[in-house]
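Engineer: Residue numbers (numbering that gives the first Met the number 0), protein chains in the order written: chain A, 0 to 596; chain B, 0 to 258.
There may be inaccurate statements among the hints.
Taking lysine-lysine pairs in the PhoX-like style, the calculated list, with each CA pair at most 20 Å apart, reads [stated by the list, open to error]:
#1 A:K358 / B:K79
#2 B:K105 / B:K120
#3 A:K554 / A:K476
#4 A:K587 / A:K506
#5 A:K476 / A:K587
#6 B:K120 / A:K591
#7 A:K364 / B:K183
#8 B:K34 / B:K22
#9 B:K22 / A:K506
#10 B:K105 / A:K363
#11 A:K591 / B:K79
#12 A:K358 / B:K222
#13 B:K79 / A:K587
#14 A:K362 / B:K105
#15 B:K79 / B:K182
Please keep in mind that the hints were generated in silico from the structure rather than gathered at the bench. This structure is a prediction, so every number in the text was calculated from the model and none was measured.
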Amino acid sequence: MSDIKNGKTGEALKNNIIFLMAAVVLMTCAGLYADSSVRMSNIALLISVFLIPLFAFVAGLRLKLSKDKNGLRPGSLVMIAAAYAALKLISCFVGVYILGKNLRDAFVYEDRAWIFPALIVWVLAARVMGRMKPAAGILAGVALGIAVGFLPAFPLSDSVSGTFVFLPFFLAGSYLGDKRAVDATDKRPLQIASFAAASLLFIVPVLINARVPDNIGELFFGRLISGNFIYRLAARPVAYAVSAVAAALWFCGVPRRKFVFTGFAGRAFQVYFWHYIVIELWLHMDMNAIFGQIWAEHWKPFFFASAAIVMLFIAIIPMPLFSRFPERVLAGSWHLQGEGDPVFKRMRQYSFLFSELVKRNFKKKYKRTVLGMLWSILSPLLTLLVMWLVFSRFFGRNTAHYVIYLFSGNLVYSYFRESTGEGMTSLVSNAGIFTKVNVPKYMFLFSQNVTSLISFGLTLVIFFVFVAIDGIAFTWKFMLLLYPILCLVVFNLGLGLILSALHVFFKDIQYLWSIFTLLLMYMSAIFYNIDSYSQTAQNLFLLNPVYVYIRYFRKIVIENTVPTLWFHLIAAGYAIFFFYLGFYMYKKNNTKFLYYV
Amino acid sequence: MVLSIEDVSIRYVTGDFKDIGLKEWVMRHLTGNYKTREFWAVNGVSFNMNHGEMLGIIGTNGAGKSTLLKAVAGIMEPTKGHVQRNGSVVALLELASGFDGDLTVKENAYLRGAMLGYTRKFMDETYEEIIGFAELGEFQDRPFRQLSSGMKSRLAFSVASMVNPEILILDEVLSVGDGAFQKKSEEKMRQIINGGAATILVSHSLPQIMQMCGKVLWLDHGKQIAFGDTEPICGLYQSFLDKKITLENAMELLRSSND
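Given these sequences and hints, build the entire structure.
Structural biologist: Shown next, in the form of structure tokens:
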């Protein structure tokens with residue numbers, strides 16, 4: 000109706016026709032799927048995956064060009080919307096499933112444990128890219144893509160690697176595509192530019208790793224063709240039909256604004272899902288079965304043509320997700336509400352306050368104790384003594400350098416406990432200050448952490464004395480201990496931020512946390528050895544960040560080995576993740592704390 | 000314009016939202032007993048200030064004066080409306096709080112200076128002057144808790160008055176210390192104001208306001224009753240305090256005088 004009013008009947012008609020054509024193709028595909036021959040269903044697959052989105056894209060583009068946001072939609076709006084919403088749900092679930100499977104793998108196979116840090120790194124990369132200017136974004140995308148491409152352990156058919164390929168895209172897209180971005184004004188050149196960055200990010204690693212095998216068919220044989228009977232029968236048509244229909248609807252641009260899952264996770268899984276489908280199809284279709292002899296002899300043009308199509312397809316998908324690029328650039332997420340300058344600048348401005356707070360904490364801590372700073376050294380030593388007396392009979396026999404083994408555990412753990420425990424109250428106990436003076440609130444936590452870091456440093460010195468007494472040679476590898484210490488500091492800061500923010504809202508966090516840290520002590524293999532556990536169980540211990548840092552210490556000091564690259568990534572990943580989370584909590588609540596204290 | 004307050008409103012939430020603990024919080028959400036009420040501590044206040052102006056804020060207890068000052072100082076973000084500050088702000092709110100009783104006077108002076116955003120160099124240079132002004136020279140190394148409340152306020156005032164801010168906020172601070180110090184601090188205040196600072200003064204002492212301020216803002220239960228020249232508003236406020244007129248009368252009188 001509104002179309003008639005606006006004189007856009009012709010436009011709407013064209014859109015309807017295009018949509019109908021897409022629907023017809025879809026129906027044909029459904030029919031082809033029913034055909035049992037591999038060749039036919041593969042052709043259907045090709046069509047449904049590549050052609051329908053193309054049709055739909057054109058239709059969607061037309062809709063967009065007509066700039067008639069509330070006008071007539073092709074087909075029945077309600078039906079499409081319902082179907083779309085349902086498909087979105089399914090895609091989300093499938094996305095969850097696939098991601099979940101890969102995460103599960105990560106526990107079982109040690110060389111896949113990197114998936115956790117990878118996730119975090121990609122989130123951050125996506126966020127950073129989201130704030131760059133388009134040109135810089137493209138460059139960053141290319142650089143990151145190439146870097147990823149050169150990563151080892153990246154065989155094409157590996158589903159974990161598949162995840163890795165998708166992640167940058169999926170995260171960049173999902174982050175940028177949140178509600179505000181979608182609602183923002185269209186700026187097509189910028190969209191295209193920012194999109195190009197992301198697609199390069201995605202494609203480059205694939206291309207670099209697309210080592211063309213001797214037998215090209217190898218590249219395209221996949222689980223889909225060689226799976227078990229039920230899988231072949233049901234999974235493929237269902238998954239692909241869903242993919243095709245949903246892609247068609249998506250690109251019609253129909254209910255995008257209304258029915259899309261605007262949350263981060265929802266979008267993440269959407270994007271992830273589509274990419275997974277595309278790449279899975281591309282990599283695992285049995286081309287020999289489709290094109291027979293021709294394919295085997297002339298695979299090159301086919302290969303590159305299909306690659307081009309895939310790229311095009313991929314390039315189309317996140318278009319709507321990448322609007323509002325420049326706004327993101329300006330938004331600057333390192334600002335806290337109510338504070339004019341970004342955090343880092345504020346920290347420089349208030350460096351004097353920081354040092355004064357450190358002084359104050361230090362003076363207060365040791366003021367009325369007779370032993371003063373000696374206490375910092377004595378307390379871990381006493382703990383060590385007790386633990387040694389109790390446990391050395393049980394665990395000491397099977398563990399080399401048991402005292403050092405114990406000490407390294409205690410060293411890391413006690414720093415963790417002290418830093419988080421004291422950091423937790425930093426906000427509440429300084430409420431008198433930040434309710435009267437406008438100061439950066441994280442200063443209280445940061446300064447609190449310095450105090451515990453100093454006692455950690457003192458204990459560390461004693462630790463090295465013990466190491467020397469125990470007859471362990473100091474090697475250059477000891478320098479690497481700076482790495483876990485740095486990670487630990489950042490990790491503790493992050494947890495401190497989280498806890499201090501929570502403590503403002505719920506005072507009982509204090510008690511929960513003390514129970515939790517006690518439990519964590521038993522979970523961190525401080526006094527026992529987990530070597531006799533199964534590999535899976537040992538990998539499960541990696542879920543505990545404190546254990547990761549303790550393990551790093553022991554690897555260097557006792558075993559004199561440098562941990563793997565993945566181990567480093569895990570250690571850093573936890574630190575960055577928790578710090579980021581903590582910062583996010585402050586960002587969210589910076590102006591709310593005041594009302595709760 | 001150095002300070003512009005546009006339709007600022009600040010909402011407080013009261014009720015179950017704090018001090019109930021995690022368990023209660025979850026339980027009340029589950030049982031649907033989670034109830035919060037909100038009230039507007041400051042409701043739609045607007046005014047502007049220029050360099051060298053002095054504004055007095057008057058109102059009974061709970062009128063929203065301190066909350067408004069917190070918004071001006073940037074400690075609180077207004078729930079609605081907008082505060083625009085063109086220049087540095089120094090706020091002296093409830094002077095004696097925020098110090099640490101365990102530290103010495105000197106350490107506290109440095110800490111307070113740091114909070115106000117001074118540099119170490121600046122503190123080193125002005126420390127003597129601060130202590131001298133506060134007349135606490137002989138107490139320098141005493142723990143802060145041993146000081147009398149008057150002394151504490153004196154130190155706070157001295158530290159804060161060392162800079163020349165564009166906007167100075169004083170909440171019930173001119174009445175600190177003994178008579179001699181009051182005189183001194185008033186003088187210092189005048190110096191800062193003559194230096195071009197826009198000053199906001201909250202005081203329950205009406206004579207003081209009438210003597211010092213060019214303009215007055217009258218708040219009552221968060222609402223802006225009047226903003227304008229000191230004399231007429233203060234007169235009405237006095238009669239309101241003496242229960243000679245009601246709030247409605249006062250507003251009516253103000254309206255008619257404006258016409």
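Engineer: Just pull the numbers of the violated hints for me, sorted ascending.
Structural biologist: 1, 5, 6, 7, 12 and 15
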